[in-house]
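Going down the list, the protein sequences come from chains Y and Z. Heads up: the first sequence begins at 1 in this note's numbering, then just goes up one per residue. Heads up: the second sequence begins at 1001 in this note's numbering, then just goes up one per residue.
Honestly, the hints are just simulated from the structure, not real lab data. Positions of the beta carbon are idealized from the N, C-alpha and C atoms, including for glycine. Be a bit skeptical, because a hint or two may be false.
Said to hold, decoys possible - Partner residues aside, some chain Z positions facing chain Y, computed with beta carbon under 8 angstroms: (1) Val1038; (2) Asp1041; (3) Tyr1044; (4) Cys1046; (5) Tyr1047; (6) Asp1048; (7) Val1105; (8) Val1108; (9) Ala1109.
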Amino acid sequence: MADLTTEFLGITSPNPFWLASAPPTDKEYNVRRAFEAGWGGVVWKTLGAEGPPVVNVNGPRYGAIWGADRRLLGLNNIELITDRPLDVNLAEMTRVKKDYPDRALIASIMVPCEEAAWKAILPRVAETNADGIELNFGCPHGMAERGMGSAVGQVPEYIQMVTEWCKQYYDRPVIVKLTPNITDIRHPARAAHAGNADAVSLINTINSITSVNLDAMAPEPMIGGKGTHGGYCGPAVKPIAMNMVAEISRDPQTAGLPISAIGGITTWRDAAEFIALGAGNVQVCTAAMTYGFKVVEEMISGLSDWMDEKGYASIEEFRGMATPNVTDWQYLDLNYVAKARISQDDCIKCGRCFAACEDTSHQAIAMSADRTFTVKDDECVACNLCVNVCPIEGCITMEEVPVGQVDERTGRVVSGDYSNWTVHPNNPSAAAAQ
Amino acid sequence: MASSHQASGIRPARLSAAEIADNFADLHAPFDAHEAAVAADRCYFCYDAPCMTACPTSIDIPQFIREIQAGHADSAAKTIFNQNILGGMCARVCPTETLCEEVCVREVAEGKPVEIGRLQRFATDQMMAKGVHPFSRAARTGKTVAVVGAGPAGLSAAHRLAMKGHDVVVFEARPKPGGLNEFGIAAYKSTDGFAAREVAWLLQIGGISIEYGKGIGVGLTLSDLQTGYDAVFLSIGLTGVNSLRAAGEDKAGVRDAVDFIAELRQAEDLTALPVGRNVVVIGGGMTAIDAAVQSKLLGAENVTIAYRRDRSAMGASRFEQDLAASRGVKLMFNVMPRAILGAGAAVEIELEYTEVVDGRVRGTGETVRVLADQIYKAIGQTLQQAPEGLEIDGGKIRVAADTGRTSVAGVWAGGDCASGGDDLTVTAVAEGRDAAEDIHASLMG
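My request is simple: use the sequences and hints to build the entire structure.
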């Protein structure tokens, strides 16, 4: 069986599955249950400064969107950082870390953007023997209005500044949690790197309104007839998170900066994908909030079995393997040609590929009177839409046209020579360069 | 004292009132909102959907299921009623297993179709429960149409005609409307007086009056109607019953299955309805199944369906055959009645085994006797009192496909009495609707 033991910033955990800083890690009771269930680590729900704790609304905090069979696909929340006193949280963290020395315990922190505030809290966190800290520069709701959370994460200079304070006043690993509510994720990551952050974690949640109550004419979750944007997470945000992780992973300025990946991780496969893009571990929240802590068991068994199948003895053996294959559009091979193929044995004749292609794409699927669907190679541009709308996995596939064969759409022989947009005759820049 | 299965003869109260109520409860319980949501989520919204093609009334099934999915069941109901004003009854009685659900791509994919029938019932029931009638009449045209027979075809035609602004008079020989929806069909498919409620709901369109106790040959002639109305639609059903041609057919205990079913449907108290201890039903169609299963549900000890061909030739679907078997009905194939035995009243039936030679059934000479104090004939109905002057085709009124025009100008026909179709409620509804459209076009042309 593959060894899932993860060394992240020198912090050892029995597996790469950490619970993200969020309601599941708000207190000792939950965290003990999580560790008993098998989670490799937790990032404790974000601590605020000493003093009267923040308050939460007394109405709904969550909104959601669902797929078929009401499967939760996206969740948003308007909950703030921990609303429990700092000393209570610190005492609990101390006890839990003592009882679970083999698990990672990270303290998430969000205090005002003043050196004194950070200088005050960091020694107290250090006393808990937590393995490290995560700077919450991500929460987009509530705290951002008070100049914290994503309000910091959207200003690279602040990120660097606060990170430097933390490195100065705290001697264990510092992870900077990034907000996705920004145009180019590389800039905050570079700022964290410049501030000597040990790692970045991303993504925090995305500004969102999940639904509008059409009777009350107000957004959900609705508090007394009003609503506010919340932070969006869950399976729906995974593609956004993966792109951001990949961007940081392949950015020469941040290359090698450890990444803790967050965003819609629900199964072992999601985790493996993030790790293949360079993440050193993953953080999970929505899956646990949807299904309970037990979901980690499938993540562990699935990842371990897959690694065995592939012959990876440890996570480091495949970490980042997909990163070199993430490139810019301009470098994609324009001489690569594929065509859709429909397996008639697997086809259930629903016709969705036909409707999609005929109405919205390239009119490249033929439908016979007996509902046999076939690809017209002289029209097919291999866009993949048919694959994506087909309800039967594997029924429609994209098959590469071998070198030497004619692409019936263009009439050209597939050459097999790599050629991209940078040298394409239609590219004005390419022409200028010649 | 509770009566029992074993008591001999034809007698009531074989089961307690509670047992009867349980036995005759809805065959397919209605979906609640959650069940409907889960079932609707399974629909793939197929292109040119096979289910829609298979539906004789061409209901836009993907559309109505999507409307349920999207949380607007009223829109779904309108989509259904627009094509099939008796969509509520059809949701209950259609043999979906041989129509829409048989061709559902998820039947192909997983052996479990989207439950279209139950979803249709969910949508239509919830609208009807609110008393909402989703259509209104067009301005009156001043034209009048006579509809003969208030069964599915007649009601469907009357509604469509009234909606178009015509004044419709329906003549019904029986004292209640609904035709086979009211007097045929197994009770467990149309519970709680649904047939009557559906007619009352349908009539909300306005412009339709029903005159009971009248029909062709019952106070009316076709020429009266041709004279008095701008158009005539005949939906008179099949009221004759074929005979067994077996010795002893006249003995007490031998009866037409359709009469038994009608009596059962109209019974106020099913415990008071007599049923035999040993019931044999002759036939292989839906009527045979309905008579046999309901006999069992009333408490008959032994119920046997005797069909002269093999299982695959049976008119009743495999689902219905299995339903009968699951209720304890014994299915005998390749047997035909030879003689009904007993002194005055039936006690036993002698069946002869059959074989099919060149497509024709013939006896092998080998016989078997089955105890039978009650014997139901369910071997098909025939057209009776077809008005003179109409061409007949295969024992039915000849009509043009799609329009329902008979050989006589100004006279249309549909439902079981007309040629073509499958003698299903849903087919009758389609024929009535399409004839109404053709009548409308003719009248307004």
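Here is what the structure says about each hint:
| no. | hint | in the structure |
| --- | --- | --- |
| 1 | Val1038 | holds, 6 angstroms |
| 2 | Asp1041 | holds, 4 angstroms |
| 3 | Tyr1044 | holds, 5 angstroms |
| 4 | Cys1046 | holds, 4 angstroms |
| 5 | Tyr1047 | holds, 3 angstroms |
| 6 | Asp1048 | holds, 6 angstroms |
| 7 | Val1105 | holds, 4 angstroms |
| 8 | Val1108 | holds, 5 angstroms |
| 9 | Ala1109 | holds, 4 angstroms |
In terms of the numbered hints stated before, the structure departs from none.
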